[in-house]
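**Student:** Respectively, the protein sequence lines represent chains V and S. According to our numbering, the first sequence is numbered sequentially starting from 805. According to our numbering, the second sequence is numbered sequentially starting from 15.
Derived by calculation from the structure, the hints in this document are not laboratory data. Even for Gly, the Cβ is constructed at its ideal location relative to N, Cα and C. One should not assume that every hint holds.
Claimed, not checked - With a straight-line Cα cutoff of 35 angstroms, these simulated DSBU-like cross-link-like pairs (lysine-lysine) come out:
id: 1; chain 1: V; residue 1: Lys957; chain 2: S; residue 2: Lys251
id: 2; chain 1: V; residue 1: Lys935; chain 2: V; residue 2: Lys994
id: 3; chain 1: V; residue 1: Lys929; chain 2: S; residue 2: Lys286
id: 4; chain 1: S; residue 1: Lys675; chain 2: S; residue 2: Lys651
id: 5; chain 1: S; residue 1: Lys446; chain 2: S; residue 2: Lys379
id: 6; chain 1: S; residue 1: Lys330; chain 2: S; residue 2: Lys172
id: 7; chain 1: V; residue 1: Lys929; chain 2: S; residue 2: Lys251
id: 8; chain 1: S; residue 1: Lys151; chain 2: S; residue 2: Lys130
id: 9; chain 1: S; residue 1: Lys487; chain 2: V; residue 2: Lys994
id: 10; chain 1: V; residue 1: Lys994; chain 2: S; residue 2: Lys446
id: 11; chain 1: S; residue 1: Lys251; chain 2: V; residue 2: Lys1020
id: 12; chain 1: V; residue 1: Lys1020; chain 2: S; residue 2: Lys446
Unchecked claim - Residues from chain V that face chain S, not an exhaustive set, calculated with beta carbons under 8 angstroms:
id: 13; residue: Val904
id: 14; residue: Asn974
id: 15; residue: Ser976
id: 16; residue: Arg987
id: 17; residue: Tyr998
id: 18; residue: Val999
id: 19; residue: Asp1007
id: 20; residue: Thr1008
id: 21; residue: Leu1019
id: 22; residue: Lys1020
id: 23; residue: Thr1021
id: 24; residue: Thr1024
id: 25; residue: Asp1026
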Amino acid sequence: MKSMKKYVFLCVIVVMLAAVMSGCAQSAGGGKSDIRIFFSLNQMDTFRRTLVDAAAERAAQIGAQFVMEDANGSIEKQVEQIKRAAAEKYDVIICSVVSVDTVTQLKMSAEDIPIVFVNSSPDEKYLQAGKYVFVGSSEQVAGEFQAEYVLGKLAGSPELNVALIKGPSNHSATKGRTNGVKRALEQSGKQIHYVFEDTANWDTAQAQKLFELFLKTGSTADCVICNNDAMALGVVEACKENGISLPVLGVDATADGCEAIRNGDMAFTVYQSGSGQGHAAVDAAVQLAGNGDVKDLEGSSEDGKYVWVDFERVDSSNVSQYGK
Amino acid sequence: MREERNTKIVSIKVKLLGIILPVVIVIMILLVGILYFISKDIIKEYSENLLTSSIDNQTNQIEAWLNENLSAFGAVKQAIEQTGPNEQQLQAILDSYYGFHDNYPQGLYIADANGKLMTASASEKQETNPTQSVWYKEGLTRWNMGLTNAYTNTEGSKVISASGILDDQSGTIKVISADLTLERISIIVNSYIEMDEARAFLVSSTDGTILAHHDNDLISTKLGSSEDAFMRDIWQKIEQWDFDMAEIDNNMTAFSQINGTDWVLVSYIPTKIIYVDIDSVRNMMLVIGLLSILLLAALVERVVHMVIRPVKELIKVITAMTNGDFTVQVKTGSNDEIGVMGGYVEQFIQTMRQMIASIHGVSDKLSTQAASSDTISREMYDATKHQGQSMRELNTTVEQLSLSVGEIAEHATTLAMVVSDTKDDGDQVGSKMQETVIVSRQGKEDLQRVSSAMENIHVSMQKLQQSIDEVGKASVEITNITEIIGNIADQTSLLSLNASIEAARAGEAGRGFAVVATEIGQLANTSAEAVHNIEGLISQINSLVGDTVRQTDESVENIDNSSNLVEDTLRTFDAIFNNIDQVSTLVREMIQKVEKVDEVATNVAAISEEQAASSEEILATSEAMVCQVDNITGNSKSVSAGAMELTASAEELYEQVARFKVREGV
């Protein structure tokens, strides 16, 4: 009996010691100067530039090692990058995926390294608290903001002719933003006609071409809602060429988008804080590297799978604060 | 008493089963319950995952199917847009796709803003006003080919069309389209359900049109106006843009949006199907539990039976022991606590056997002894009774003796009193003598003259002297008598001493003592006679003194007669005077002697009193002895009774001990 007690006591001591040691190890691992972060980018664009720069800045701020590589839109290249990062034993990977369909492959390639997904959100089922998280802005909210603006602007008309220029159909932002727009519009009780709805793959030229084509059909739209600013600028271009003026809405509040708002070419955009996401991505990465989870971070979801960075509405009234 | 106890006995077996079974049953129920709920949760989660996986797969398959067709159409469309064919070439292209693929057997067709419809040559498709058709109007809203809502085409088929603007740079807006039948889509939808028993249907989220359903009749009906409450509930949820998995009307229901369309795939499975397995598991667990309980009960029953078998043996042995049978034996087979107990009981039986055997012996001896002591006590009782009688007789004798001694004392006292009176009388004589002396002195002068008379007086005086001499002799005799009395007293004393000793020896001595008492009586008579003599002597003395007085009187007469002869008689008178003086002296001496007699008589009386007291003491002592002898008789009676009781007890003890059997046949 006595020896039993002694044994239990010893066990408790050992467990406590182990806990203390691991605690020490954890804090040592969390020693920010030691963290090595690998950033695999799908493809550089204006927004992602902001994001990457902010991430690098944040990493430098906390003294973490930060390496960024661009996959140039190639799935194979991205997988190769992740494999290399795993081989070189990075502590954590930040990844803006080329395609959300490859998430399982990426996770496999990363072996045991935690991944912070940015920019494009994998399906929720692929995320796991403390291991695979997404840092970004809720795309649906961006769409809702656009719909709100349109409904406010055209409050008087019971029917709305809406032209939708969307991103690639398999992109999470396309789905989220489009759903946000449609849901908000339909719930307004107005009769909504989608006079044009097509994808322009985030591309200005494609959007311009599409909208010019739309204009040829003779249909009229009360507004053009685009899934991003780049496409909105294409629509603006088409309108200019055809000498018509429409409220054109985008998302991202890129420098060009803001410029267009300042010029009165574009009506509204949603600022997706690339820098905010970059910062948050690095903060989340640090947490994951330290075997922690993101629940303590601002904007984290209850299930610990997401860190939401707030969107901001941008129109002519406040555009001066953005796009610089 | 024992029977009563028997009725209250609850066997260990029942007790054990009564405790173990309910506990086990409760544990079983808890276990089954917990397992059931845990399994239910697990199965539910598993089913949700399965349904999610199923619907995801279906979605992927449908999307792939749609994309496959759309990309095929897109390729044709791109080719047309790139090559800018003339009408014949375009017709050839359209013709080449007729029957090209069974997904779209009619191939592609094109309408322009002017209402001109181009179809494959073999196609029977007719359209009176193509620009008003669903496919045309929806096609106008996109360049990339997309899918229209479900509609019934001019041939009466329920179809969806893939349509889009054909930008052939001709300046006329054209829409290119191809029809996909809903039946085909239904087949696709239903073919890729991964989960057994799950159902799926495809619905347009814009107006709730059912695009694909395993029940073909429901295709292209509206979800919101369905008769089925489940369908209406689903529509309510879709209208809310709520695509999370939920349990609706006892159906686990999953939703999935199809990319590039407004379609929502709904997949559901009745929860009862999901829980069928868990219910059968629960039933199986209950059955197994029941069997286990039965097995356990049987096991417990057997084990307890085996364990308590030696206890039953012990109970038999103890029952036999309770009935006084110590010939039984304990079989100490087992090596457990009960075996140890049996061993000790066996030891106990051995010890008891020895003890009872020795008690047997002791009680035998005891009854023999009791019998003999009974006899002795009877004899003793008889003896003491006899002794008591003797003592009573002795007592009577002593009482008589005492009475006699009392009488002696009384007489002695009387004697003393008489002597005392005598002394008083003597004293009076003395005083008279004094008076005589005085008279003599008065008469001396007168009588000096009476000489002759004096001579007579002198003679008288001599006679008187003689009398007095006789008195002296009597006194001597009195002295002798006194001595005799003294002797009597001595003997009486001796006798009384003997009597005391005899009395102390009690017993047989009683008779001898009676003789002594007789002697004492005789001696007492002698004493009485002696006293009588003394009385006689004293009366003689008295008469002598009377003579003396009379003679003196005569002398006085003579003196009177010779008064005239005073002078003559003077000398005579002197002589008389001298004589009287001498008489007076003698009287005084006599008185002194009488006083001595008085003393002696008083002593005798005192001694007699003492004797009387002593004899009373003897009497008291003798009475006490009688009392004691009576007590002894009483005690010896009690002893006898006790001895009788002892005998009875010894017999009872013997009987009691005889109840125990320590040897077979005893």
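**Student:** Taking the hints in turn, state whether each one holds.
**Tutor:** These are the hints, each one checked on the structure:
Note on V:Lys957 and S:Lys251: the hinted pairing holds, with a Cα-Cα distance of about 29 angstroms set against a maximum of 35 angstroms. Between V:Lys935 and V:Lys994 the CA atoms are separated by roughly 43 angstroms; this puts the pair beyond 35 angstroms, and the hint is violated. Distance check on the hinted pair: V:Lys929 and S:Lys286 sit about 26 angstroms apart at the alpha-carbon level, within 35 angstroms; holds. Note on S:Lys675 and S:Lys651: the hinted pairing is violated, with a Cα-Cα distance of about 38 angstroms set against a maximum of 35 angstroms.
Restraint check for S:Lys446 and S:Lys379: not satisfied, since their Cα atoms lie roughly 98 angstroms apart, outside the 35 angstroms limit. Simply put, S:Lys330 and S:Lys172 have alpha-carbon atoms about 95 angstroms apart, too far for the 35 angstroms limit, and the pair is violated. The suggested pairing of V:Lys929 with S:Lys251 holds, with an alpha-carbon distance near 22 angstroms, which does not exceed 35 angstroms. Taken as a hint, the S:Lys151 and S:Lys130 pair is honoured in the structure, with Cα atoms around 14 angstroms apart against an allowance of 35 angstroms.
This hinted pair does not check out: S:Lys487 and V:Lys994 have alpha carbons roughly 196 angstroms apart, beyond 35 angstroms. Proximity of V:Lys994 to S:Lys446 is assessed by CA-CA distance (about 193 angstroms); at most 35 angstroms being required, the pair is judged violated. About 38 angstroms separates the Cα atoms of S:Lys251 and V:Lys1020, which puts this hinted pair outside 35 angstroms; it is violated. A distance of roughly 216 angstroms separates the Cα atoms of V:Lys1020 and S:Lys446; the hinted pair therefore is violated under the 35 angstroms criterion.
Hint status for V:Val904 relative to chain S: violated, with the closest Cβ pair at about 11 angstroms, above 8 angstroms. Interface restraint check: V:Asn974 against chain S, minimum CB-CB distance 6 angstroms, threshold 8 angstroms, status holds. At a threshold of 8 angstroms, the smallest CB-CB gap from V:Ser976 to chain S is about 11 angstroms, leaving the interface hint violated. For the restraint placing V:Arg987 at the interface with chain S, the shortest Cβ-Cβ distance is roughly 4 angstroms, inside the 8 angstroms limit, so the hint holds.
Taken as an interface hint, V:Tyr998 checks out: its beta carbon lies about 6 angstroms from the nearest beta carbon of chain S, inside 8 angstroms. The beta carbon of V:Val999 is positioned within 8 angstroms of a beta carbon in chain S (closest approach about 6 angstroms), and the interface hint is therefore held. Annotation: V:Asp1007 was flagged as interfacial toward chain S, and the flag is violated, the nearest CB pair being 13 angstroms apart, outside 8 angstroms. The beta carbon of V:Thr1008 comes no nearer than 16 angstroms to any beta carbon in chain S, farther than 8 angstroms, and the hint placing it at the interface is violated.
Contact between V:Leu1019 and chain S, as hinted, is not supported at the beta carbon level, the nearest pair being about 11 angstroms apart and thus beyond 8 angstroms. The beta carbon of V:Lys1020 comes within 6 angstroms of a beta carbon in chain S, closer than 8 angstroms, and the hint placing it at the interface holds. Given hint, V:Thr1021 at the interface with chain S, holds; its Cβ is 5 angstroms from that chain's nearest Cβ, closer than 8 angstroms. Taken as an interface hint, V:Thr1024 does not check out: its beta carbon lies about 12 angstroms from the nearest beta carbon of chain S, beyond 8 angstroms.
Because the smallest distance between the Cβ of V:Asp1026 and any Cβ of chain S comes to about 14 angstroms, over 8 angstroms, the interface hint for this residue is violated.
Hint check: violations occur at hints 2, 4, 5, 6, 9, 10, 11, 12, 13, 15, 19, 20, 21, 24, 25; the rest are consistent with the structure.
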